[in-house]
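Engineer: Chains as they are written, first to last, in the numbering used here: chain A, 104 to 700; chain B, 363 to 481.
Think of the hints as simulated: they come from the structure by calculation, not from any bench.
Straight line, CA to CA, 20 angstroms or less: simulated SDA-like cross-link-like pairs of lysine to any residue:
no.: 1; chain 1: A; residue 1: Lys651; chain 2: A; residue 2: Pro671
no.: 2; chain 1: A; residue 1: Lys524; chain 2: A; residue 2: Gly475
no.: 3; chain 1: B; residue 1: Lys379; chain 2: A; residue 2: Gln183
no.: 4; chain 1: B; residue 1: Lys371; chain 2: A; residue 2: Gln183
no.: 5; chain 1: B; residue 1: Lys422; chain 2: A; residue 2: Val110
no.: 6; chain 1: A; residue 1: Lys128; chain 2: A; residue 2: His147
no.: 7; chain 1: A; residue 1: Lys349; chain 2: B; residue 2: Gln428
no.: 8; chain 1: A; residue 1: Lys659; chain 2: A; residue 2: Glu679
no.: 9; chain 1: B; residue 1: Lys448; chain 2: A; residue 2: Glu145
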Amino acid sequence: MNNKEFVIILCNGSSCLKNKSNDIKNELIKQLEKNNLLSKVEIHLSGCLGMCAKGPIMIINPGYVIYGNLKVENIETIVQRHLIKRELISEFIIKEDHLFNRFFRIFGDVNFFGRQMRITLRNCGIINPESIDDYLSVRGYEALAKVLNEMTPAQVIEEVKKSGLRGRGGGGFPTGKKWELTAKVEAKEKYVICNADEGDPGAFMDRSAIEGDPHTILEGMIIGGYAIGSQKGIIYIRAEYPLAIKRLEKAINDARAEGFLGNNILGSNFSFDIEIRLGAGAFVCGEETALIHSIEGYRGMPRPRPPYPAQSGLFEKPTLINNVETWANIPVIILEGADWFSSIGTEKSKGTKVFALAGNVVNTGLIEVPMGITLRQIIYEIGGGIPNNKKFKAVQTGGPSGGCLPEQYLDTPVDYESLIKAGSIMGSGGMIVMDENTCMVNIAKFFLEFTQNESCGKCTPCREGTKRMLEILERITEGKGEVGDIEKLERLGNMIKKASLCGLGQSAPNPVLSTIKNFREEYEEHIKDRKCRAGVCQRLLRYIITDKCIGCGLCKKVCPVKAITGEPKSIHKIDETKCIKCGLCYSKCKFSAIKKD
Amino acid sequence: MATPLEIIKQKRAQAVKRIIEKGYLSRFRIYVGMATCEIAAGSADVLTVFKEAIEKGILKDVYLSQKGCAGRCNLEPTIEIIEEGKIPVKYGKITPERAKEIINRHLLKGEIIKEWIIN
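Please construct the entire structure, taking both the sequences and the accompanying hints into account.
Structural biologist: Put into structure tokens, the structure is as follows:
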């Protein structure tokens with residue numbers, strides 16, 4: 104172990120050199136000697152750190168503090184204040200870059216991260232999530248201190264409004280407006296809820312965010328509580344996320360011990376505490392009114408709105424409910440300012456969005472991208488394209504509530520409005536890429552099976568309608584489709600969308616409707632030609648024995664319905680009327696003599 | 363009475379001090395991915411390999427920490443080795459056997475094992 108207390112990295116790129124970084128280095132050594140600190144500080148010279156406009160640059164570790172626009176006369180201040188008094192010098196801190204630089208200093212040379220922008224996931228993968236010290240060292244809880252120090256609740260709400268942040272759970276409702284509505288209602292008791300009931304198949308954004316940086320969520324919620332005048336926060340998270348729950352519990356206990364939760368937070372008059380409520384994993388409980396019922400101890404079922412939770416939510420008190428990712432944006436907006444935040448993204452969608460990139464793509468993973476990036480950039484530049492030289496077929500956004508977009512929509516910018524216009528939704532962040540070997544009818548069936556299962560049964564359109572739709576889809580994939588089925592699906596789908604009580608039913612038909620819209624010919628092939636071009640729907644396959652057959656008789660032996668006939672050493676034959684398309688002969692044949700058609 | 367901003371500055375200074383006391387300024391900092399996904403891919407065993415090497419005194423002057431998920435699902439378990447002033451080294455698909463090799467070759471002999479680096 105060495106006994107150094109700080110590591111200072113000085114940018115030695117040509118641009119910084121021009122700005123006299125050498126003089127800065129000499130001055131730093133002089134000042135360190137003067138204060139007898141030379142033995143406690145390690146100095147490194149680095150190549151260009153990419154912040155030339157702000158040069159000369161100095162990074163001080165631990166904490167990854169980046170100072171820029173330095174002049175020789177500033178060095179004494181840095182030594183006195185940062186190294187001796189151990190405080191940050193806000194005038195020198197580089198605002199625009201430092202949040203990402205912490206992350207990108209470690210990961211920045213990797214292509215996968217090049218197009219990303221890490222705001223909510225800024226600490227994920229670089230700090231120890233179980234250490235409040237780690238979070239504090241990267242300016243953790245400073246946003247909270249700033250709010251309590253110098254902002255009124257109205258100013259906090261104004262800042263969030265000005266940032267243009269919209270709900271990241273999928274709906275895209277302006278967050279600041281939601282806060283304002285909840286703040287306006289006069290009530291003794293109010294609640295703040297974090298919706299961590301993540302349930303889309305293949306989505307894990309919230310889980311990773313909580314597991315990687317739980318304190319950010321807490322900090323966002325405490326600030327929210329201050330803004331709307333609440334003293335009680337609840338995190339609703341599903342029980343099947345044990346590690347995320349464990350880390351949240353530790354974070355809450357540590358935050359209490361340090362005085363960020365509890366009475367008179369940081370010496371102010373504001374008191375706030377957070378507790379965790381576990382959900383049983385019902386998809387519908389991601390819907391805010393169903394979630395509230397579940398916390399109250401009732402069955403997780405939605406109710407009609409209005410009244411909105413802002414007026415009458417948990418225990419009929421005004422309730423502010425935001426998604427994990429939305430909360431994680433708050434500390435950054437407060438620290439960096441609404442102007443900075445709203446400079447990222449498109450006109451109506453500000454900031455970044457986290458996606459769980461999955462399916463037939465080379466780099467599967469969790470990504471955070473600025474709004475306005477195109478689907479093509481995500482899939483081909485970050486995702487690295489489709490593996491095994493297969494052709495792209497569709498991308499599914501928004502999970503079971505979203506739609507499948509084919510190739511002509513690849514240049515759609517990722518923002519709330521553009522995705523809706525293309526026929527899908529932003530959703531909470533699932534993104535599944537599909538190649539040519541995917542059957543679109545089967546995919547639609549998969550998602551509908553999911554929502555059908557998760558339908559709470561309260562309203563008839565969703566309970567009965569999705570069931571009928573699923574039956575039709577099952578028939579089609581089994582080769583029993585009828586002419587008119589497509590129209591029936593469309594009629595039912597549109598009806599369910601219009602008549603269902605909550606978002607689950609209103610969006611459940613989307614995967615079916617969007618695949619009919621974009622891949623109608625595949626539905627028609629399934630119904631009229633009894634054919635699945637992707638070779639996925641088992642029952643539509645035909646197995647044919649080719650002349651490669653040597654007559655070994657193995658297929659005949661394994662066939663469970665005795666559909667295969669033939670003499671030894673002669674080509675065998677499959678009786679299609681008997682064949683149940685189980686595929687056993689195909690997988691057992693040692694001579695690749697059986698072909699799927 | 364101290365203002366909230368003064369209090370947070372003090373708390374941060376204390377936190378930084380505690381991190382340093384835990385050995386943050388060691389020559390190597392090793393971060394092992396320990397999110398659900400990483401653990402499912404086998405990272406807990408990888409962490410154990412590093413822990414044991416430190417306990418047995420094979421590894422000295424290192425700071426070992428867990429971290430959340432950086433997002434490289436298909437390359438997990440991942441680890442990072444950070445040496446101040448050098449470009450951080452990121453390894454993917456690390457098994458306990460590979461971890462042992464990283465200890466022997468990278469951490470003890472300074473050789474970066476190029477085949478396992480994430481680019």
